[in-house]
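J.: Chains A and B, in that order, are what the protein sequence lines are.
If you're matching positions, the first sequence starts at 1 in the working numbering and goes up one per residue.
If you're matching positions, the second sequence starts at 1 in the working numbering and goes up one per residue.
Simulated from the structure, these hints should not be mistaken for laboratory data.
For every residue, glycine included, the Cβ atom is placed at its ideal position computed from N, Cα and C.
Among chain B residues calculated to face chain A with C-beta under 10 Å, some are:
1. R171
2. A172
3. N176
4. A180
5. A182
6. G184
7. Y185
8. R293
9. P295
Away from chain A, derived, C-beta distances all over 12 Å, residues of chain B:
10. S4
11. V58
12. I72
13. I83
14. V93
15. I135
16. G137
17. I286
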Amino acid sequence: MSDILLSLKGLTKAYPGVVANDNVSFDIGTGEVHALLGENGAGKSTLVKMIYGLVKPDSGTMTLRGKAFAPAEPRAARADGIAMVFQHFSLFDALNVAENIALGMENPPPMRDLAARIREVSETYGLPLDPYRTVGDLSAGERQRVEIIRCLLQDPKLLIMDEPTSVLTPQEVEILFKTLRKLSAEGTAILYISHKLEEIRALCDHATVLRLGKNVGECVPAETSARDMAELMVGTALKTPTRAGRDMGDVALEIVSLDAKSPSAFGTSLKSVSLSVRKGEVLGIGGVAGNGQDELLAVLSGEILTAPGSVKLHGRPIGQTGPTARRGIGLLTAPEERLGHAAAPDMSLTENAMLTGSVRENLESRGFLKWRTAQGFAEKIIEAFDVRTPGPNNAARSLSGGNLQKFVIGREVLQRPEVLVVNQPTWGVDASAAAAIRQAILDLVAKGAAVICISQDLDELMEISDRFAALNEGRLSEPRPTTGLTVEEIGLMMGGAHGMEVAHV
Amino acid sequence: MDLSQINPILLVASLMVAATPILLAAIGELVVERAGVLNLGVEGMMITGAICGFAVAVETGSPWLGFLAAAIGGAALSFLFVILTQFALANQVASGLALTLFGLGLSSLLGQSYVGIKPPPTPDLHIPLLSDIPILGPVVFSHDLILYLGIAIVAGVWALLKFTRAGLIMRAVGENHDAAHALGYKVVRIRVMAILFGGACAGLGGAYISLVRVPQWTEGMTAGVGWIALALVVFASWKPWRVLLGAYLFGGITVLQLNLQAAGVAIPVEYLAMSPYVITIVVLVILSADKSRAPGSLGRIFHATS
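With the rest of the complex left out, here is chain A (with noise of 0.2 Å):
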């Protein structure tokens, strides 16, 4: 790329206990798309924190333009062209689409007119979007829209996205890459972070790896394959998971035209859901989060009751059994949100251990608690998972999102259950934890478990699962094999883009 936009010297910043950021350097030219990559804890958010002024360097130095740029706040940040749009989407639910615009601006024009500049550009760019509409009732890739929006509005120079494509189904993502290549065909810099290494590949000119705080090479991702730059993060070669070959058993697990109302008033109501997983089959459920996966999930591990008949554990009705009573038959469940549903955050990890192996690791006797054998039992799974944590009294809130997802998933996996059903696995977890977690999970179903994975990672379900479903606003698709299945044909199964239209520029 031609003429450098920002430049990073020997930037350092370091937390009690831990260095963030240890002298990292490297450019960014005008109009190039940047990525910036690594593992969890790699010191990417830190980094991008820096440029916006939310956090200050240790030491080092930034040349925007060849001056010097050390900006106290994002303010400062905003008003020299650095922009932003967030992992986690940093909006108002209560407030309208404007309103939120407004409150990312330095000087909003009037309402009106603001409006009337959001219908413009949000068209310009093919995203459309009601300006009076109010936050909380868009869906993830409408919210998007409103921060990237609110980012264009102020014309930047550099454009910051953190994680942007986790939450959207591959045709939005087709939409976010047109509108991107475009910004930057404009002259815009983008630095793109993502741990979606397909992704990097096909949209960004330049790599900036990290790990563990430090610069640990670049790279041309159109020219390096993905498994190259993900060794390159993690920093030892990759393990992918294998599978044994595979004896498809009887029907372990069915549900028969399942209809279940979700208890949540913001959730999706399950509608008319059959599926039926083997044994020693990996049956994959894909979809954009809420259109129905939390309610699948708590309709199989017994959260919402339903019809007896309608949920069948080797041809048993059990869908008027409670959790506990099926976790004693062989059903188990690890649902996604890790701190307060799969686990309790202000608990230990050897009570959290017993609240849901008592029954099957006989932690328990007439009522009484077996502290040690329960002990002994969590150590074997901070063993068996690599979880990292000084030990098992400690506090299950104190371990990193991605640790706990390990002892989470950890825990039920050496249950020996004989249905497993998770959902999202690997979120937040690192490149080769991931890799573990699956490889436990392939393992489990070559000893003729089956399970049940829901994820909103395609790749990871492509890789693991026999079959393949999506749900799309409650609805399950008809189940396909995995071998053979196109990007295309699962964005389809997924519901399209959703009503999206892409951009016409």
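Add chain B to chain A, keeping to what the hints say.
T.: For chain B alone, coordinates are given in the frame of chain A:
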């Protein structure tokens, strides 16, 4: 029973006076809660304002200096809440309850030598033309300045929240403090200002009781008005004009039931005494059936990470 004793003109005039302390305290608390802070210390700030205002008015002879002192006193007590919740990150519910208990105790201590004294009278306004309108004039346009100030604050808060950028930022802070912080807004600074405003309003409301409504000082004279104001904010769905409606409704029924008691209506006194609470809650619950809800960050502690 003699209902003809009840003079409707006097009734409306006195309901406005009866409603003003609740109105002032509630509109202040509304601002605090819209900024995402739950301050349960309204009662304590009111009673502190009541004695500060009373003492200063007695010592200086000027009710206006008294009201000023009341606002300062209420804000000063709320500053204690600021230190506890915004800087020491203490639990807001516990801190608020402590503030109430502390305010009640502090006011008794300060007020020991003021029992049984009459404060200087607060003059009623005489607005040319408006006050001379028959019936309407004496009822609506012949009150003291503070009563109109209360209504003006309601209008001001409404306009601030609806039309200004400052109001938008305040709502954003109350709705999602993490997102507001990420956008670079000073969450703590905005909340501190809101809490101090709430304290000043509660102090004014307290002084209105001790200087206008009752005009004297007795220990614990706010008698739960602060709690009513807190409930009013919730039932009014955090909307300024509904707070006004709720306060006037409550004040009106309080005055009416006192009149009915005096007139000897054949309803047991207990039922009459509870009627303002029941009717106000019923009306506001019906009104709040729309989809309005509490500010998203209400009562949550903000801890800036990054």
